[in-house]
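Colleague: Read off the chains here:
Number of protein chains: 2
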Amino acid sequence: MPGGDHAARLAALQHEARTAGIDAVLVAPGPDLRYLVGYDAVPLERLTCLVVPAAGDPVLVAPRLEVLAAQASPVGSLGLAVLPWGELDDPYSVVASVVPGALSVALDNHMWAEKVLALRDAMPAVEQVLAGPLIARQRMRKDAAEVEALIAAGAAIDRVHEAVPGLLRPGRTEREVGADIADLIIDVGHVRVDFVIVGSGPNGASPHHEVSDRILERGDVVVVDIGGTMPDGYRSDCTRTYAIGEAPEGFAARYEALQQAQAAAVAHARPGVTCESVDGAARVVLEAAGMGDLFIHRTGHGIGLETHEEPYIVSGNTLVLETGMAFSVEPGFYVEGSYGARIEDIVIATEGGVTVANNRPRDLVVA
Amino acid sequence: MPGGDHAARLAALQHEARTAGIDAVLVAPGPDLRYLVGYDAVPLERLTCLVVPAAGDPVLVAPRLEVLAAQASPVGSLGLAVLPWGELDDPYSVVASVVPGALSVALDNHMWAEKVLALRDAMPAVEQVLAGPLIARQRMRKDAAEVEALIAAGAAIDRVHEAVPGLLRPGRTEREVGADIADLIIDVGHVRVDFVIVGSGPNGASPHHEVSDRILERGDVVVVDIGGTMPDGYRSDCTRTYAIGEAPEGFAARYEALQQAQAAAVAHARPGVTCESVDGAARVVLEAAGMGDLFIHRTGHGIGLETHEEPYIVSGNTLVLETGMAFSVEPGFYVEGSYGARIEDIVIATEGGVTVANNRPRDLVVA
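Residue numbers (my numbering), protein chains in the order written: chain A, 1 to 367; chain B, 1001 to 1367.
Accuracy of the hints is not assured; some may be wrong.
[As the list claims (entries may be wrong)] To be clear about the criterion: a stretch of chain B counts as covered by chain A if any three or more of its residues have a C-beta under 8 Å from a C-beta of chain A, and this derived list gives those stretches:
#1 1039 to 1046
#2 1120 to 1134
#3 1199 to 1208
#4 1290 to 1298
#5 1313 to 1327
[Unchecked claim] Selected chain B positions facing chain A (in silico; Cβ < 10 Å):
#6 Ala1028
#7 Val1067
#8 Ala1072
#9 Met1111
#10 Lys1115
#11 Ala1182
#12 Ile1186
#13 Arg1192
#14 Glu1306
#15 Thr1307
#16 Glu1309
Don't read these hints as lab results, they were simulated from the structure.
Note that the Cβ used here is the ideal one computed from N, Cα and C, for glycine as well.
Use the sequences and the hints to build the structure in full.
Modeller: Shown next as structure tokens:
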């Protein structure tokens, strides 16, 4: 089970806070809370907030009716103090009272604006900054159990892609295919479908198209980009491109360049190289093929308890990869009005290279 | 299809902004964006932001690779201007450039802290307030199509409850029952499972317990509180309490008081009465039965494109109900270590009373 050592994660966060001169870190429900203390709470209007002072014991401020649920999570075995508030109390002043001398607090990046502004009102003299830089350093470097979790998620989504060619029959709509894929995502072991992109023909040219009522035709190229959440919270995300019958003229040559670009970026990725150099390794291949203008997005994003998290594999990101960093490598090309194509694998940096979590063939699959 | 008249919704928001002296409203992906322009975008690290100036034309600032997806939504037919930003641009300065003279902006309540703080840095002289008060007035008063959507969602979740008694067999775990319920929630027409609470025996005493590996036994009381999202975005939420064989001694009398409390609150609710008076109508019945201390939460919450939204049915909320307001009526009682019980229906205020969206029997169902 990933994330056993919550006490160590909290201690590391406190160390980062002290180094940055931050007095406390405030964490609402979301991936940071789950990472730090294992509590998978739903973000709602009632405030739940983990208060992590730079020194001293963290406290979970929670609505009274959530206390039993919180204590049933690893919060209970951690021995974390839980400070309940009642339906008629002001929870923001409860948070303020936990860190009375604070001059600066860091807020988790996903905290809702309504909480951010209410905390500002409750602690008017306190400077608010983002907690992302304090937490991302640990979250980026996956430990052995997290790497295992990502590999298991990759194997699960690979099983869905294995079934996709059988679903792509002319006459069916993208929506029908997408519904089947959503069922399969759950069947193979995910607890939640995060996204299902079935971009057929011209719809494939919109990288974040989802599904539509477009009817699949012979000769379509279809981009299938799918992902879900496993029971432990870790995510899958994998793209393959399919052709129904023969692809349009000229597509095959472009696809071959894409395959080379994706393979080049995977081959380049390893501890010690920068994120932007991985992006560059894919981009240079597509530029050499005269396709630079068709590759309209970054090469990848980190993945873990979120589908998109640090590190981002993008020009300008000079962060150096370290062992345990997990991210997608997903170059693509997009021709408006005609088609798109993308190949995406999740990889995890390991000594001298990467472990690849997705292992379905990367050739154009003719369905 | 609910939400046809997006132009009118935008105009009403602009009117509210002018009345409040706010120069612009900034709306990131979430229920407000879907309500205002019909665009069901996923909140992600890349900024998508609808900029609604108090006067003048709204603009959608969106990542370039999302533009086609945005235009495929009602954003396209609305004729809304879309301002794309590229992978290497700063989207926050793009937002600032759309409303160069703004002194005050309202942010949607769910906007992530990372966006809130980045906007503050990009517009340092601008006061930030919450958009909730400007949008909630319209969102609370459901139009005819929205009422129909909530009734359809209620009928769907009723079909799941109809099947629940057959799932509650001694020897099964809460988790197994919950998995079956999740499948059913999709089968009856939802596109997403929002929550599945199966609180058996002592677990029922935790109002926000989800599921566990506890094995159902004869004599258990089981609280089943479930909900999902329909294709149009509207939510269901309904609780029934079941007994496996005979309930524990003393439970039946308490349950009868609960039924009376829930019925009293539903009978009291109508346009012209306050939210807190609906809460009081349930509470006074439980207090008279000596159970006031066992009813540890508010009586209800609004529902629509979110499971929890305004109006909240809670002591202190003097908001007066109006036609079209939709909310839950869900008193309960909780005895730590033993059991809990709750009865929940969604109701919509209509002339002289309410329409009830959930219609399964409210007697204790013996499975």
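Colleague: Hint by hint, note whether the structure agrees.
Modeller: Going through the hints against the structure:
1. 1039 to 1046: holds (count 3)
2. 1120 to 1134: holds (count 4)
3. 1199 to 1208: Per the Cβ count (4), the hint holds.
4. 1290 to 1298: Holds, because 3 residues of the segment 1290 to 1298 of chain B bring their Cβ atoms closer than 8 Å to Cβ atoms of chain A.
5. 1313 to 1327: holds (count 3)
6. Ala1028: holds, 9 Å
7. Val1067: holds, 8 Å
8. Ala1072: holds, 7 Å
9. Met1111: holds, 4 Å
10. Lys1115: Given a least distance of 8 Å, the restraint on Lys1115 of chain B holds.
11. Ala1182: holds, 8 Å
12. Ile1186: holds, 8 Å
13. Arg1192: holds, 8 Å
14. Glu1306: holds, 9 Å
15. Thr1307: holds, 8 Å
16. Glu1309: holds, 8 Å
No hint from the list above goes unmet by this structure.
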